[in-house]
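In the order they appear, the protein sequences are chains L and H.
Here the first sequence is numbered in numbering that gives the first Met the number 0, starting from 0 and rising by one per residue.
Here the second sequence is numbered in numbering that gives the first Met the number 0, starting from 0 and rising by one per residue.
Think of the hints as simulated: they come from the structure by calculation, not from any bench.
All C-beta atoms in this analysis are idealised placements derived from N, C-alpha and C, irrespective of residue type, glycine included.
Don't take each hint at face value.
[Claimed, not checked] The list that follows gives simulated cross-link-like pairs (lysine-lysine, DSS-like), each with its CA atoms no further than 27 Å apart:
no., chain 1, residue 1, chain 2, residue 2
1, H, 196, H, 166
2, H, 73, H, 51
3, L, 87, H, 284
4, L, 272, H, 284
5, H, 87, L, 166
6, L, 284, H, 196
7, H, 126, L, 74
[To be verified] Coverage of chain L stretches by chain H, computed from C-beta distances (three or more under 8 Å per stretch; other residues unrestricted):
no., segment
8, 19-28
9, 170-180
10, 246-260
11, 266-279
12, 282-295
Number of protein chains: 2
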Amino acid sequence: MYAGIDIGGTNIKAIIANREGAILASSKDRTPKTAEEINETIIGLLRKMLEKKGFRISALKSIGIGAAGAIDGKKGIIITSPNIEAWKNYPLAPVIEKKTGVRVFLENDATAAVIGEWWTGHGKKFKNWVMLTLGTGIGGGAVIDNKVYTGQSGSSLEIGHLTIDYKGKQCPCGNRGCFERYASATALVETIKAKLKKRSSSLLMRMKTEALSARMVFEEANKGDMLAREALEEVGFFLGVGLAGLVNIFNPEAIIIGGGLSHAHRYLLPVAKKVVQERALPGLKDNVKYLIIKNEDKTPALGAAKVGIDSLGL
Amino acid sequence: MYAGIDIGGTNIKAIIANREGAILASSKDRTPKTAEEINETIIGLLRKMLEKKGFRISALKSIGIGAAGAIDGKKGIIITSPNIEAWKNYPLAPVIEKKTGVRVFLENDATAAVIGEWWTGHGKKFKNWVMLTLGTGIGGGAVIDNKVYTGQSGSSLEIGHLTIDYKGKQCPCGNRGCFERYASATALVETIKAKLKKRSSSLLMRMKTEALSARMVFEEANKGDMLAREALEEVGFFLGVGLAGLVNIFNPEAIIIGGGLSHAHRYLLPVAKKVVQERALPGLKDNVKYLIIKNEDKTPALGAAKVGIDSLGL
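Given these sequences and hints, build the entire structure.
The following block contains the structure:
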């Protein structure tokens, strides 16, 4: 049995898998604030899943953890994390290893999602593909020649920081016009807020502006809210702009979309695909398949488990 | 003995190499207009090089050809070419094969340049790197895990059609704001022309606008022409914008610059590097090495020869 943990800004998701990638148990909990509380939540989730099956934590062969941020995988340290302020050069893997007695391996969450999809999802069908996780930012990765490509530093591909407008919106990363400033869940919320300032016909007007989330926007779109649909279409346009660039550069067989915003694919993808058709090169754009991550809820944790399995094997 | 031919819009360059990549002979000639004249030039160059050594064309084991455009490598057909109008679905490889009795293999010229640099140039030192050829457009490619990556269709990576300004200059490809509209030799000429309209203090004023070339601009810059230097710096800025995106996406060990405009690297690179430092992510930008193609004049032809050698081996 191998554990996989996916630590997001909102939830911590955990699974227990076997060596073949079958999920034996899964559980999740809210992400607490402090590093110590996060550690306890992780261990609590593992204990709960295992006890139901009559096991202790020591029955685990490894624990793989996917977390957002700059990661030193070798040392198991989170250098910085955009979502969890408590983590600054935090040795998450050594700490959990000490508390559990099980080997712990750390990976960037977007890379973990790519590994999960490559292992058990749509990725199995393709040799060269690109994955985007549309969440607070845009993460992602590329599988090249059936191997997950993580670049020279082995961190992750920063697809979200592809420039689509060199004089565009300022990004906290220092660049201007980064893809994720236009096509992430955060961008969707910004877009709807800007629209609400101009018009008041939307159902979303009854919510407090601060409380608006991407999920609300596509729930209202489902109920027929036109302003919500317009905002989603605008984000879909920018998704297409970024994808056209990625199609021209990677010439992939498939693009797989994950992350929370992938739930809004019926609004985003038709627009994005049309933009790719208008903007990417013939020959490159013609045979691309667009797919939604197989199991948005569990794939990143499953990928984290795979990191543990493979690291043990070395 | 293996021949390699690099067909550009201006010159046809030919080399004879051995299996290890040593150049045994080289020659070049102007690129003529018609398909038939191009064929004769190719054969003339081969004959000239071989006769000097006392051989006939039949002594060649293979001829590899790199040509700009959309290529069907399997059939040896040039589908379309931006530089040579005479080529429309032109079966270049079969035609040369028939005329010479030697096996002929066709590859995109930018990919041939990457293969040449990977085989005998700076590329040998790195596992993951990106190459840009700055010419009429921007071509290029990526070497991933020590293999030349050509995408699913095996054509070439269209780095020049990365979007850096989604509402920017119209590109003939259909997209807006393509990288090559801002940082190619063509872009340099457009930039200087725009500057000359506004100001007349440049030495370049004495040339006819139509006759201006990228080479003239950096020759004048070498002589101290401030307007030429300004134009080069502007192109260097955009080179940096594109490179920052490529650094974030590919996380490469090295960026290798080729193509005619690479001769102006002392103007372009300092600006481009500074922009990458401002715009790309820490951890990704820190260890990138910037190199100029080892032998701009012969590497693409050498890469074409390698395509022939490897194709024979299959």
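A quick look at each hint next to the structure:
1. With a C-alpha separation of about 24 Å, the suggested pairing of residue 196 (chain H) with residue 166 (chain H) holds against the 27 Å cut-off.
2. Annotation: proposed proximity of residue 73 (chain H) to residue 51 (chain H) is violated, straight-line Cα distance about 32 Å (limit 27 Å).
3. Proximity of residue 87 (chain L) to residue 284 (chain H) is assessed by CA-CA distance (about 21 Å); at most 27 Å being required, the pair is judged to hold.
4. The straight-line distance between the Cα atoms of residue 272 (chain L) and residue 284 (chain H) is roughly 31 Å, outside the 27 Å bound, and the hint therefore fails.
5. Our distance criterion of 27 Å between C-alpha atoms is broken by residue 87 (chain H) and residue 166 (chain L), whose separation comes to about 38 Å.
6. For the suggested pair residue 284 (chain L) and residue 196 (chain H), the alpha carbons sit about 39 Å apart, so the restraint of at most 27 Å is broken.
7. The suggested pairing of residue 126 (chain H) with residue 74 (chain L) holds, with an alpha-carbon distance near 23 Å, which does not exceed 27 Å.
8. Against chain H, the segment 19-28 of chain L contributes 0 residues with a C-beta closer than 8 Å to a partner C-beta. That does not satisfy the three-residue criterion, and the hint is violated.
9. Using a Cβ-Cβ cut-off of 8 Å, 5 residues of the segment 170-180 of chain L lie near chain H, which meets the minimum of three, so the contact claim holds.
10. With a cut-off of 8 Å between beta carbons, the segment 246-260 of chain L has 6 residues touching chain H; three or more are needed, and the interface restraint holds.
11. As drawn, the segment 266-279 of chain L meets chain H at 3 residues by the rule of a beta-carbon pair under 8 Å; at three or more, the given contact holds.
12. Counting residues of the segment 282-295 of chain L whose beta carbon lies closer than 8 Å to any beta carbon of chain H gives 3, which meets the minimum of three for the stated coverage.
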